[in-house]
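Participant: Note that the protein sequences, when read in sequence, are chains L and Y. Counting along the first sequence from 1, when you hit position 100 you're at 100 in full-length UniProt numbering, and nothing is skipped either side. Counting along the second sequence from 1, when you hit position 98 you're at 98 in full-length UniProt numbering, and nothing is skipped either side.
Treat the hints with care, as some may be off.
Here are the simulated SDA-like cross-link-like pairs (lysine to any residue), alpha carbons at most 25 Å apart as the crow flies [claimed, not checked]:
#1 Lys43(Y) with His24(L)
#2 Lys43(Y) with Asp67(L)
#3 Lys43(Y) with Met1(L)
#4 Lys289(Y) with Ser89(Y)
#5 Lys88(L) with Pro119(L)
#6 Lys43(Y) with Glu15(L)
#7 Lys208(Y) with Thr239(Y)
#8 Lys43(Y) with His69(L)
#9 Lys43(Y) with Asp121(L)
#10 Lys289(Y) with Gly235(Y)
#11 Lys289(Y) with Gln86(Y)
#12 Lys208(Y) with Arg248(Y)
#13 Lys43(Y) with Arg125(L)
These are computed hints drawn from the structure, not numbers from a lab. Only a predicted model underlies this, so the values are computations on that prediction, with no experimental measurement involved.
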Amino acid sequence: MRVNIEVNGVNYSEEIEPRLLLVHFIRDQIGLTGTHWGCDTSNCGTCVLWLDDLPVKSCTVLTAMADGHRVRTVEDLEQGGELDPVQKGFMQEHGLQCGFCTPGMLMTARALLDRNPNPSDLEIREAISGQICRCTGYENIVRAIRWAAANSSSNGALDVAEVAQ
Amino acid sequence: MQVPAPVEYERALSVDDAIERLTRLGPEARLVAGGHSLLPMMKLRLARPECLIDINGLADLSFIRRDGNVLRIGAMTRHSELLASQVISEVAKIIPDAEAVIADPIVRNRGTVGGSMCQADPAEDLSAVFAALDAMVEIRGPRGTRVVSVNGFHTGPYSTVVEPDEILTEVSFVTQKNLGSAYEKVERRVGDWAIAAAGAVIALQDGKIQRVGIGLAAVGAPDFRASRAEAYLLGKDATPDLFDEAARMASAECNPNSDQRGPSAYKRHLVEVLTRRALDGALSNSKGKAN
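Same shape as in the complex, but just chain L (with noise of 0.2 Å):
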């Protein structure tokens, strides 16, 4: 079957098998491994993207669901060359180890803080529950998402004066 999926703000106009996971189609298909596949069964997160602006589990969507539907993924939180600041802030409080996690982690930060501009700790830990992570011990993920909204303006550009001090 023919799909038009809107992915990043581009086009995708593919021929698929109605089997075809969302996940592999982001990856396999057009290419964009930022997302990554992890426990194929919805407990990792590791595969979170955005479907229509609320993150879903995209190893647990098919790809004939998001027919017509927008999806946004990792590769496009940087905008202009300047990275979002939860890029920033898991650069800045070591939000990472070996990065497996990172792009469902990331994905699910920036829908949070766009609902929740100023979360609490225990906001933060909530949202990314679904999530798993076997190097952090997820407190340097929340510290990056802290920061990333101490450091955030209320559009969700970089303050560049906050980031000077």
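Fit chain Y to the known structure of chain L by using the hints.
Facilitator: Same frame as chain L, now just chain Y:
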């Protein structure tokens, strides 16, 4: 790599269209809503439908609506929408209590009320919630629309009265101003299915228990409820001793299996503790509303 077996895919344009497609394609076709139970089962070949009929486009099945003293929830309402609803948290705290511990926030963005009810997992939290609320389920099919009680809705594990050519469209329950409720769950880790869970709703009239419901998940309770404990409580003064006895009765009348989540005796113990906590929570929630 886990992927589903080859399958056809169609989209329903309306509820009537979904029913027509189910009728035309026969019992090997399955509706898919959020897909967070069905797709994992298809990956494991525990389900092998020949055709999926996607009902995610049916926006008219996504609603939370007050209709007099009845609260109506559309089948395509996502778990995250239930959890975020102000109306729901005001009339039935048991729902956000339970939703906060159903899977995780990302899964809750996709999973639906109707999908959870039709999947009918023996550990489904919403089944216990709607049992406690004495909810009604609207089902539409080629023979018309019928409304059935949650009592008798489940015909066994993973099995309900919804026929292969029918679609669950709505869950509803009667609200009342002084209705208090709470949900208590113990799981092995965040986001897991319950080892055991108990929910309670209570309303008092002149100090006596005028309405009560106790829902139990994952412990083999018939219709997900502790009906003997409910009958024992009805019409009596809400005292700590009474709640202790009701919790013991709930523990005795369920029928948990020993499995990887724990031995049967441990689950019975949990049912007693959690039922007691849920009753206390429901009473306190009810008193908060009366004042």
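Participant: Hint by hint, say whether it matches the structure.
Facilitator: Checked hints:
no.: 1; hint: Lys43(Y) with His24(L); verdict: holds (14 Å)
no.: 2; hint: Lys43(Y) with Asp67(L); verdict: holds (21 Å)
no.: 3; hint: Lys43(Y) with Met1(L); verdict: holds (20 Å)
no.: 4; hint: Lys289(Y) with Ser89(Y); verdict: holds (12 Å)
no.: 5; hint: Lys88(L) with Pro119(L); verdict: holds (17 Å)
no.: 6; hint: Lys43(Y) with Glu15(L); verdict: holds (21 Å)
no.: 7; hint: Lys208(Y) with Thr239(Y); verdict: holds (10 Å)
no.: 8; hint: Lys43(Y) with His69(L); verdict: holds (24 Å)
no.: 9; hint: Lys43(Y) with Asp121(L); verdict: violated (36 Å)
no.: 10; hint: Lys289(Y) with Gly235(Y); verdict: holds (20 Å)
no.: 11; hint: Lys289(Y) with Gln86(Y); verdict: holds (15 Å)
no.: 12; hint: Lys208(Y) with Arg248(Y); verdict: holds (20 Å)
no.: 13; hint: Lys43(Y) with Arg125(L); verdict: violated (30 Å)
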